[in-house]
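**Q** Sequence:
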Amino acid sequence: MRRAHTHLSAALTAALKAQGVELPTVTLEKPRDPAHGDIATNAALVHAKALKVAPRALAEKLLAELELDPSLLTCEGVAGPGFINFRFASAYLQSLVGQALERSEEFGRSDLLAGKRILIEFVSANPTGPLNVVSARAAAVGDALCRIYRELGAECDGEFYVNDAGNQVDLLGRSVLAQYETLRGNVTEIPEGGYHGEYLNSFARSVLDSSGDVYHDMPEDEAAAALGKLAIEHHIAMHRHSLEAFRVQMSSWFHESALRDKRAEWKALEELERRGAIFEKDGAKFVLTSEFGDTQDWVVVTSQGKPTYFLPDIAYHLDKFHRGYDLILDILGPDHHSYITKMTAAMSALGEDAKRLEIMLLQHITLLRDGEPVKMSKRAGQIIEMDELLEEVGVDAARYFFLLRRTSTPLDFDIELAKRQSDDNPVFYAQYAHARIASIFRRAELEPPTSASHLDLLTHDEELTLLRRLRELNDVLADCADSRDPHALTVWLREVAAQFHRFYHHCRVLTTPAELQTARLCLCRATQIALKRGLALCGVHAPMEM
RNA sequence: GCCCCCGUAGCUCAGUGGAUAGAGCACCGGCCUCCGGAGCCGGGAGCAUGGGUUCGAGUCCCGUCGGGGGCGCCA
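Each step along the first sequence adds one to the number in numbering that gives the first Met the number 0, with nothing skipped, and position 16 is 15.
Treat the hints with care, as some may be off.
[Said to hold, decoys possible] Result set (DSBU-like, lysine-lysine): computed pairs, CA atoms no more than 30 Å apart in a straight line: (1) K374 / K418; (2) K261 / K305; (3) K29 / K16; (4) K115 / K266.
For the record, the hints were derived by calculation from the structure and aren't laboratory data.
Let's have the full structure, built from the sequences with the hints guiding it.
**A** Written as structure tokens, this is what we have:
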């Protein structure tokens with residue numbers, strides 16, 4: 000899908016060298032104004048200064064030098080301050096239909112990131128309650144990114160880090176125990192800082208129903224520990240179930256308890272000490288993150304001798320580095336922003352190449368119902384569970400809506416809009432185009448073509464514009480990969496759908512001369528394949544009818 | 001006080017150093033004896049602000065104003 004670009008890039012490099020440029024830099028871009036063609040290059044503007052000539056004059060010289068394959072590209076001449084514009088040859092655009100039909104599900108695949116190993120950690124919600132809608136956005140984004148990186152040839156793993164150790168397990172156990180005792184008629188206060196969610200009440204009831212007084216008869220510490228463990232396991236199972244329903248495939252679930260079993264947090268501490276990156280103050284141990292780019296140092300072991308959450312987190316990240324990934328991506332909530340410099344500094348302190356670690360912050364979401372924000376308070380236990388949202392709007396709409404904004408932008412999730420079956424609902428608009436194509440083949444009582452013919456008849460403006468859109472899939476995926484953000488894919492899908500509808504309105508498909516009909520059916524099929532792939536990378540189904 | 005995100009059309013947002021800044025919604029007006037009208041065609045207005053870097057800035061840097069979030073020996 001980038002043959003024309005590759006060709007042009009090479010041709011321009013050769014032309015620049017002939018003009019005496021030793022290290023040509025060639026950037027190709029899509030002009031904003033379609034009247035300027037399909038590809039523009041600023042090569043003349045960039046290199047004019049060094050060669051001491053006017054940009055437009057250099058552009059003319061390059062043009063005279065340039066050897067282009069006319070089956071791929073034609074030149075539109077020099078324009079503006081010194082841009083050179085090019086246009087795709089119709090034959091090249093038409094050939095994309097053949098590619099789509101032949102490659103089918105593979106349309107969009109490339110080897111851009113072949114050989115790269117990428118790890119994306121996402122969701123990683125604490126197993127102290129069900130997944131809520133905050134995790135749902137992370138799930139949608141993280142999973143879509145995994146799919147995109149794999150589409151581009153990378154080996155990409157998605158990982159859930161399970162915080163199943165430490166203080167919160169104990170606290171969770173005591174909270175459950177309090178609920179359990181209350182249910183037995185022994186009204187007990189939930190401990191300070193404990194968990195108040197209603198879900199724990201029903202969990203405590205199920206424990207009481209199945210185990211009776213067993214936990215009442217144990218010593219309190221023992222009961223709390225046992226109940227904590229039980230509650231954690233219960234929630235992990237819930238998380239797995241919810242994510243599966245959301246079509247999120249985690250490659251691995253990394254348990255903090257496994258790390259602690261190996262004493263990995265203490266080994267990380269020893270390594271930091273060995274490197275002189277630990278100091279003691281007021282009986283606590285600090286890591287010298289300020290020496291590695293952070294504004295302050297952080298406690299890793301309290302004066303009570305217990306590790307803070309940060310120490311096992313360091314051990315966990317170190318483990319990720321040791322697993323040899325080229326890129327280690329963490330997707331975290333916006334409240335973790337201090338974590339970026341903190342963890343990066345800690346990795347540097349351990350002698351790792353911190354550039355391999357990228358921590359991205361996913362901005363929060365606001366659910367809107369009838370235009371009004373749905374109030375959520377974690378402290379009061381009022382949360383909207385991910386499962387409830389899926390139940391109400393469906394997996395397709397939920398996944399797609401979470402990708403509609405850039406990750407750096409807070410997202411308003413309009414529940415009514417997500418449920419609406421009309422063209423102002425972006426997910427339905429894209430899916431509808433796919434279903435409409437399916438209906439054309441049903442109507443014609445034809446199987447979709449698997450090989451192309453008479454493509455040279457596709458010469459209408461709307462046909463060629465549609466082909467240009469289909470070609471962009473590779474570029475869009477590369478953008479998503481670079482920006483670590485699948486959102487551009489939803490923009491592309493909307494544009495493909497819109498352009499398909501325009502084409503369909505202006506160009507009759509059925510009841511036209513046989514050869515033209517064949518060509519147009521091939522174009523319809525190619526569009527359908529492209530839509531299906533785009534939707535699949537978002538984790539959304541492409542229905543045949545709706 | 002320090003740090004992060006954001007400020008583009010009435011609203012929600014694209015635009016990640018290029019040429020005359022684009023979509024959707026909403027609003028107004030057209031298009032169904034015609035392959036799915038869940039669609040298409042046409043119509044207005046805008047880069048918060050002041051500097052700087054650059055041949056070129058919505059985009060990069062600094063300041064100001066406005067909105068949101070974060071700064072524990074909690075996780």
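**Q** All hints, please: hold or fail.
**A** Hint check results:
no. : hint        : result
1   : K374 / K418 : 20 Å, holds
2   : K261 / K305 : 16 Å, holds
3   : K29 / K16   : 24 Å, holds
4   : K115 / K266 : 29 Å, holds
The structure is consistent with each of the numbered hints, conforming to all of them.
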